[in-house]
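Please model the complete structure; the sequences and the hints are all you need to start from.
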Amino acid sequence: MGVLLEPAPAAAPAVHPNPIVNDFSFVVATENGTGSQTANLTILRALFKMGIPVNGKNIFPSNIQGLPTWYHIRVSKDGYVARRHTSELLIAFNEATVAEDIKNVPAGGVCLFNADWRNVPTREDITLYSIPVNMFVRETGLKGKLGNYIANMVYVGAVAHLFGIPLDYIEDALRFNFGGRQKLVDSNMAVVRAAYDWSVANIVKVDPYAVSRMNETSGMIMMTGNEAAALGAIFGGVNFVAWYPITPSTSLVDAINEYLPRFRTDKTTGEVTCAVIQAEDELAAMGMILGAGWAGTRSMTATSGPGISLMAEFTGMGYFAEIPAVVWNIQRVGPSTGLPTRTGQGDIIFTYYLGHGDSKNVILFPSSIKECFEFGTTSFNLAEMLQTPVFVLSDLDLGMNNWMSEPFTFPDEPLQRGKVLSAEEVNSKGFARYKDVDGDGITYRTLPGNENPRSAWFARGTGHNEKAGYSERPEDWYNNMERLARKFDTARKLVPGPVVQRMAGAKVGIIAVGTTEYAIEEARDRLVAANLPTNFMRLRALPINDEVSQFVAEHEYVYVVELNRDGQLHSILITEMPHLATKLRSIAYLDGMPLTARWLVEAVEAAEAQQEVL
Amino acid sequence: MGQTRTRSNVNLVGLTKADYNGNPTTLCQGCGHNSIASQLIQVGFELSLRPHEIIKMSGIGCSSKSPAYFLGQSHGFNSLHGRMPSISTGALIANHHLRGIGVSGDGDTASIGMGQFKHLVRRNVRMVYIVENNGVYGLTKGQFSATAEEGLKLKYAGKNDLPPIDICMEAILAGCGFVARSFSGDAKQVRELLKAALSHRGTAVLDIISPCVAFNNEDWSPKSYAYGKQNELPLHEIGFVPKRDEIEIEEYAPGEMRQVELHDGSLIQLRKLESDYDPTDQMGALHRLQWAEQKQEFITGLIYYNPDRPSLAEVCNLGETPLAQMQEDKLRPRPEALAQYMQELSG
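Heads up: the protein sequence lines correspond to chains A and B, in order.
Every number in my numbering is 287 more than the matching position in the first sequence, counting from 1.
Every number in my numbering is 93 more than the matching position in the second sequence, counting from 1.
Read the hints as simulated data drawn from the structure, not as lab findings.
Using N, Cα and C, we set each Cβ at its ideal position, and we do this for glycine too.
The hints are all genuine.
Derived pair list, reagent style DSBU-like, types lysine-lysine, alpha-carbon separation capped at 35 Å:
| id | chain 1 | residue 1 | chain 2 | residue 2 |
| --- | --- | --- | --- | --- |
| 1 | B | K211 | A | K647 |
| 2 | B | K423 | A | K722 |
| 3 | A | K870 | A | K774 |
| 4 | B | K110 | B | K281 |
| 5 | A | K554 | B | K423 |
| 6 | B | K110 | A | K754 |
| 7 | B | K388 | B | K322 |
| 8 | A | K716 | A | K706 |
| 9 | A | K716 | B | K110 |
| 10 | A | K722 | B | K110 |
| 11 | B | K423 | A | K647 |
| 12 | A | K780 | A | K647 |
| 13 | A | K706 | B | K110 |
| 14 | A | K780 | A | K722 |
| 15 | A | K657 | A | K870 |
| 16 | A | K716 | A | K780 |
| 17 | B | K423 | A | K657 |
| 18 | B | K246 | B | K211 |
| 19 | B | K234 | A | K647 |
| 20 | B | K246 | B | K322 |
| 21 | B | K423 | A | K774 |
| 22 | B | K423 | A | K754 |
| 23 | A | K794 | A | K647 |
| 24 | A | K432 | A | K470 |
| 25 | A | K754 | B | K234 |
| 26 | B | K281 | B | K322 |
| 27 | B | K248 | B | K234 |
| 28 | A | K754 | B | K211 |
| 29 | A | K657 | A | K706 |
| 30 | B | K423 | A | K716 |
| 31 | B | K248 | B | K281 |
| 32 | A | K554 | A | K470 |
| 33 | A | K390 | A | K432 |
| 34 | B | K423 | A | K706 |
| 35 | B | K423 | A | K780 |
| 36 | B | K110 | B | K322 |
To give a feel for the contact side, a few chain B residues facing chain A, derived at Cβ under 7 Å:
| id | residue |
| --- | --- |
| 37 | S179 |
| 38 | A184 |
| 39 | I186 |
| 40 | A187 |
Structural data, given as structure tokens:
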């Protein structure tokens, strides 16, 4: 994205007496598989480069082509990026859903639709604009699929006029999205211009919604959480990936494959420093990364709920045989196949205790693309230091949508490789695979290929003694499991600590993980305006440390906010802090959509009212 | 390891045969699996394997316990039921200088692990995959496995009404380049096949009929010792010649022998008992297996051989240094690389 070469041409000014500038949402309704994603990302990026805080959320079907999809874009001068409950503007480009879509526009809102359609329901309380799409497609001479693709550019041109987006920003955004392929930029831009010019001449803007340049995004980047996680893994030293495609995690490994040639392949020798294997299923993917982790690589997989189910047995083995591996779970909505293209936080309990018997796993919870990047290093370091599978729980909203961020900085942490003995160290220090030499529960390991004959050990999921020999002795079992619990306590000190935001006079706390952060921040601003100041602790990992119990103890009560039905994080927290259980109150909800501030404010107010009754 | 080293009892890498021992076996006395473990010890010694270059892999079951009973100086992994292939794939790509010796069973491979088995073979991961095949689940006291013959009657399980899965056929169909069958009672043939298998560039599958002395050793059972001894039909006698030895093919009369060159240059010599058997003919091999099954015979020897397909490590384009031995200098790009990319994204 270059600097603008010339001043932007003046767009049709908003003539509304009370314009609403840089503070509204709009939704683009299209069919999936028609290339509308390019059009939507172009508008998103143009707004972003205008310096306006913006966020886009793709609400798409589990389907390749032909089903309805909605792209929500929020512009917010105040920097809020959470989903909004309603969108004031509708860009209706899917005839199959237009009747229903128009119903959802709030009074005073706006709808732009295709003038070629008949029988579009009308409403007196919203502003309706239309544009004859086919005319522009006909002019290009393109037919079929290409015609469909280019048709989406018609609404880009119309939106540029209606909102007041200078066309230079649109062109720059197209150039970015097409990776500089000028021919594509030109052909798309021609349609955008034609539609824009037609709109200027034929659409009289009467609604109040407009955008205007700001300086809030200068120097920032925009990418998806999955791309950021891939980049983080690349800079975190990943060198073995096994995976099985599953929405919404697939784009994470796709991004790794895209980044590897640029960042991790020797330019002169062509030497590969990371292997990527597409496994036959998630079960095999987990087996492969554990086999590779045992042999000494920083290995990872990316999956979602159903994949985690298949990885349960191997996870227990990884926990018990003590083998490092990193598993990214881009959460979708379960149980079962559930809603594969919707978001949630429903795998917290399952992942934390994944594996039969007494097993517990370290979990990281990124809430931003920056943390997705940072946890690339952190997750591998923890896995290798703790010699255990480490899970990173992202979600579809973070993973597949585009988010603004400060640029990523090179990680401070070096690559930690953990307690691995060389051939010489086996002689000088001695070696017993599961002996707690340092008292932190973390034992020393050797890697296959170690030339010292005394380094050999037999990894197993069966009961074992300190020397990794098969054992059914009660004391061996008990002592080993106690040591694993001790190791989990060591993990409490090593995982990233919580992030706390305070407000003066707050007696009520909120605890949450991941992307609910954005709705929570916005809700807190509204709640404090209504005289309910809150303090907010965002956990970045399980297991928790003492900071969490201190935070809970210092508040009258704490709401645990999460995107699932049963209050899973709440359950874990009352289990970990039974003495504080009565202070923890669950606010849990899931319908497949990202949390909104409005819903949360209402939920908190309802809970507060209940409190007063009590 | 309890054996005095003398010039005469050490091999080329200075190890005695005892250096290839493992822990004492805990399997039943007379179990065919023990005899296979003994041959692995012998083969390790005779081929002068470096123990640290070998990893011993297994799944779950009687067979899968046996990697504890040989090559005690090698790392090993007793994984999950049916999951030896995925663990092995990860380990052998993480360090492609290692060679895998995997020991599985008929339940571990042909039932719970069939999917992973076929995909391992399809990927051509460089390892020797031994199936200690007895047609029965021993640890859970005698249920039929998927390789049990149709009509077989066992004391606890009753009569088997389903057709058997033939592991060799499955391997050939999945693209395996080294498929052999043997009988645990035939020590010499097992040993020679193991040696040849260790020279193969990809996955070498050895289906070894290994009678269960506890649950499937009735004389009339096709997986019993008595039946095996009477009905074994070797395709050829095998002699393995490592690459480093002089090969004097003149010793053998033409017409009786067929030499097959292995990927690393060593030779396997097959004495053809069936003059028309060609182990490089894939369709012929399948046909021969089908024919033997109908006759209730089991053919032994190298059934199919094709060294052409590259191993998974070759497909992955791995360089000289194993992934597992790479350090930060190779694993993490320079800070400038990130700064440059961030500049591109924000500019």
